[in-house]
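Chains as they are written, first to last, in my numbering: chain A, 1 to 248; chain B, 1 to 180; chain C, 1 to 352.
In short, the hints are calculated from the structure, not lab data. Idealized CB from N, CA, C, for every residue including glycine. Errors might be hidden in some of the hints.
To spell it out: a stretch of chain B is covered by chain C in this simulated footprint if at least three of its residues, at any positions, have a beta carbon under 8 Å from a beta carbon of chain C; those stretches are [said to hold, decoys possible]: (1) 10-24; (2) 29-36; (3) 58-68.
PhoX-like mimics (lysine-lysine), calculated; alpha carbons at most 20 Å apart, straight line [unchecked claim]: (4) Lys-242(C) - Lys-345(C); (5) Lys-126(C) - Lys-288(C); (6) Lys-227(C) - Lys-126(C); (7) Lys-200(C) - Lys-43(A); (8) Lys-298(C) - Lys-273(C); (9) Lys-229(A) - Lys-186(A); (10) Lys-232(C) - Lys-288(C); (11) Lys-137(B) - Lys-86(B); (12) Lys-3(C) - Lys-147(B); (13) Lys-142(B) - Lys-227(C); (14) Lys-3(C) - Lys-152(B); (15) Lys-223(C) - Lys-43(A); (16) Lys-242(C) - Lys-298(C); (17) Lys-226(C) - Lys-126(C); (18) Lys-223(C) - Lys-126(C); (19) Lys-288(C) - Lys-321(C); (20) Lys-298(C) - Lys-288(C); (21) Lys-203(C) - Lys-43(A).
This is what each chain is made of:
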Amino acid sequence: MKVVFQRPTALTERQTHYCPGCTHGIIHRLVAEAIDELGVLDKAVGVASVGCSVLAYEYFNCDMQQAAHGRAPAVATGIKRVHPNNIVFTYQGDGDLASIGMAEIVHAAARGEKITVIFVNNAIYGMTGGQMAPTTLVGQKTTTSPYGRQAEHCGYPVRISELLATLQGAAYVTRVSVHDVPNIRKAKRAILKAFEVQQKGLGFSIVEVISTCPTNWGMTPLEALKWAKENMLEYYPLGEFRTPEEVK
Amino acid sequence: MAEMIFAGFGGQGVMSMGMMLAYAGMLEGKNVSWIPSYGPEMRGGTANCAVVVTSDEIGSPFVTDPDVVVAMNLPSMDKFEPRLKKGGLLIYNSSLIEREGGRDDIEVIGIPANEIASELGNSRVANMVVMGALLAKTGVAKPESVKDALRKVLPAHRHDLLPVNEQAMERGAEYVSKDR
Amino acid sequence: MAKQLMKGNEAIGEAAIRAGCRYFFGYPITPQNEVPEYMARRLPEVGGVFLQAESEVSAINMVYGAAGAGARVMTSSSSPGISLKQEGISYIAGSELPCVIINIIRGGPGLGGIQPAQSDYFQATKGGGHGDYRLFVFAPASVQEMVDLIMEAFDIADYYRNPVMVLGDGTLGQMMEPVEFKEPKKRDLPPKDWATTGAKGRKRNIINSLSLVAEQLEEHNWKLQKKYQHMKEHEQRWELYKCDDAELVLAAFGTTARIVKSVVNQLREQGIKAGLLRPITIFPFPDKAFAQLPDTVKAFLTVEMNTGQMVEDVRLAVNGKQPVHFFGRTGGIVPTPAEIIAKAKEIMGGVR
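One chain only, chain A, in its complex shape (with noise of 0.2 Å):
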């Protein structure tokens, strides 16, 4: 019987603790894909985060470090230099990343640590209830928004992909969505290009990838991926913001 569909072997057959409806799935196996289609499943080593992708070690099949709420890109940079050889990424979450991890984010850039880091962005503190995430976009009701961001009182989103591309040492930085199917395939695309620049010895190299949060939007899956539609992609667009020439 012909194969046409199966699990990653970058995946572990654990089940997973996302919610029903969550994007995290989605991009777990796109990062999954990629470590097989590039075949470094066996020197591939993740870092996880703090936040809901906390447990990406138990999901990932390939050597994995648990790093401290914000520091998954200092630890990366540790292991990375430790083995050059190994292919490193971190995935991490926009409270994690953007919020307290922002001087490990940012100086990891600048070095040009050849990582690659999976950004999930969606807008909110999703293990922690829903609190409001730098990334929380203006007029956004949270439990510590409750009545809506206000931006005079506590600022206005964070976009992390465009302040990163200011840096230098920033080889490959991008913006994806997995709303619907043909952003999924270019997120796919995207993730396979990350890692080759790392492959590559070019730089850094993110995506930040465009995610939902149904729980704590308070809605059901579908709306989430509509009102990440038609509300995320205009504060945050999608597209290449820095690309090598060696990847173009």
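Once you have looked at the hints, place chains B and C on chain A.
Showing chains B and C alone in chain A's frame:
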């Protein structure tokens, strides 16, 4: 056992003087320690270091009641002269310090280190003039050991400075022997 | 090999390199700056990596990553920087990773000062960060001892899979003394088959301190405690100086112990039978040393450059059998022999 303080302006070579002496002591198989003052007090103000050279085990490397104080400028003399042990030795740079020692229970030697260094054509070896005097007066280390230490501490491309440093030490030694 | 005259901070770097350390992640802070400076110069010469991190927080997490990847790795800092590293140190201890951490202590709290102090004793010996863990902590008293212990520290870290901290202070870091680099006694070290090197030909490895099942976390914590218990039984180290007939035992560690050694000699010249008990490991604290003291001991005097920290461990070890007194200077002030002698006389006057 010799517990010594070397003090002066930054740039007068007091730190390296102490270090050189510690090095020489080590080459002679003695126990030695060298502690610098550090931090903001080094920036612009007076610098000092404490050196212990002894055949015994060194307990405290701190020097609270020195046997010898080398003062290269007035603030250093003001600060450390009162701390000298009874019967201790104060060597001061009379090129820069006009007052004489204020205690009669210690030995005091003024030496015009800057003038002698200038006569040798290198004002930066004033510290080694004092070093020569110190060795001649105390015998804490042999002049040959300090010369060996200099050769080891100075990088090869600066070994052209060895002769003038050695001359400075000899002039310092001569000064204190003819003086007394 | 001939002795070299080296500054404490540089000797730390060289000792680490001789012990096989090839990775150093740090951040500048006085009075330990010569350590990263030395490593920046030397590590590339031996095929290693020095990296100046953007913060102490980041540096310790780089250490976590490198240690998890199986490397011999070190970081150094001074008190405020060590506070920042505590989060990472807790993760390293929780994940059971080996590394060496140097703390060249300066006065605190807060930004404090830059002069020598011993006020991080509690932080170093009682855990320091969150959670129920301990570091293995050495408190050397000379540049030579610092070198010897650092060379051994990497083996101990690997042996126990536990971070080892070496405490110095501004004096030890800045002073120069003759040093000799001697091979430490080798321990049988298990292979690092747990390291994240890429899972080629083996089951994947996970470095982790998260355990959401309470029973599992409790089991893990008891496992850690067993390790600390083993250290307490097998790794205590101390020096006794002139304690054979001592009536007053002075307890001190690190730089302070050297001053106290001079004090002991001066007290004996003045007819007071004094001795020194110097802990070399402060975790495990050498309580076995107290069992070796003679019956002549009438009182203890703990001397520290803080307001009284190790004195609590001394009291626990003495267990009420004799009075335990304390003398301390703080804020960066080094106690003078004269003031310690005065305190000793006051005690012995009272005891007699």
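Cross-check of the supplied hints:
Restraint check on the stretch 10-24 of chain B versus chain C: 3 residues with Cβ-Cβ distances below 8 Å, three needed, restraint holds. Given as covered by chain C, the stretch 29-36 of chain B passes the check, having 6 residues with a CB less than 8 Å from a CB of that chain where 3 are the minimum. Only when three residues or more bring their CB closer than 8 Å to a CB of chain C does the claim for the stretch 58-68 of chain B stand; here the count is 6, and the claim holds. Restraint check for Lys-242(C) and Lys-345(C): the C-alpha separation of about 17 Å stays at or below 20 Å, so the hint holds.
The hinted pair formed by Lys-126(C) and Lys-288(C) meets the criterion: a straight-line CA distance of about 19 Å does not exceed 20 Å. The suggested pairing of Lys-227(C) with Lys-126(C) holds, with an alpha-carbon distance near 15 Å, which does not exceed 20 Å. Distance hint between Lys-200(C) and Lys-43(A) is fulfilled; the C-alpha atoms sit about 7 Å from each other, no more than 20 Å. This hinted pair checks out: Lys-298(C) and Lys-273(C) have alpha carbons roughly 10 Å apart, not beyond 20 Å.
Annotation: proposed proximity of Lys-229(A) to Lys-186(A) holds, straight-line Cα distance about 15 Å (limit 20 Å). With a CA separation close to 9 Å, the supplied pair Lys-232(C) and Lys-288(C) stays within the 20 Å bound. The straight-line distance between the Cα atoms of Lys-137(B) and Lys-86(B) is roughly 16 Å, inside the 20 Å bound, and the hint therefore holds. Between Lys-3(C) and Lys-147(B) the CA atoms are separated by roughly 17 Å; this keeps the pair inside 20 Å, and the hint holds.
This hinted pair does not check out: Lys-142(B) and Lys-227(C) have alpha carbons roughly 53 Å apart, beyond 20 Å. Distance restraint check for Lys-3(C) and Lys-152(B): the Cα-Cα separation of roughly 13 Å lies within the 20 Å cut-off, and the hinted pair is therefore satisfied. Using a Cα cut-off of 20 Å, the hinted pair Lys-223(C) and Lys-43(A) is violated, with the two alpha carbons roughly 31 Å apart. Restraint check: the Cα-Cα separation between Lys-242(C) and Lys-298(C) comes to about 15 Å, which is no more than 20 Å; the hinted pair holds.
At most 20 Å may separate the alpha-carbon atoms for a hinted pair to count; Lys-226(C) and Lys-126(C) meet this at roughly 16 Å. With a C-alpha separation of about 17 Å, the suggested pairing of Lys-223(C) with Lys-126(C) holds against the 20 Å cut-off. Restraint check for Lys-288(C) and Lys-321(C): the C-alpha separation of about 15 Å stays at or below 20 Å, so the hint holds. Between Lys-298(C) and Lys-288(C), the direct Cα distance comes to roughly 18 Å. Compliance with the 20 Å bound is thereby established for this hinted pair.
At most 20 Å may separate the alpha-carbon atoms for a hinted pair to count; Lys-203(C) and Lys-43(A) meet this at roughly 12 Å.
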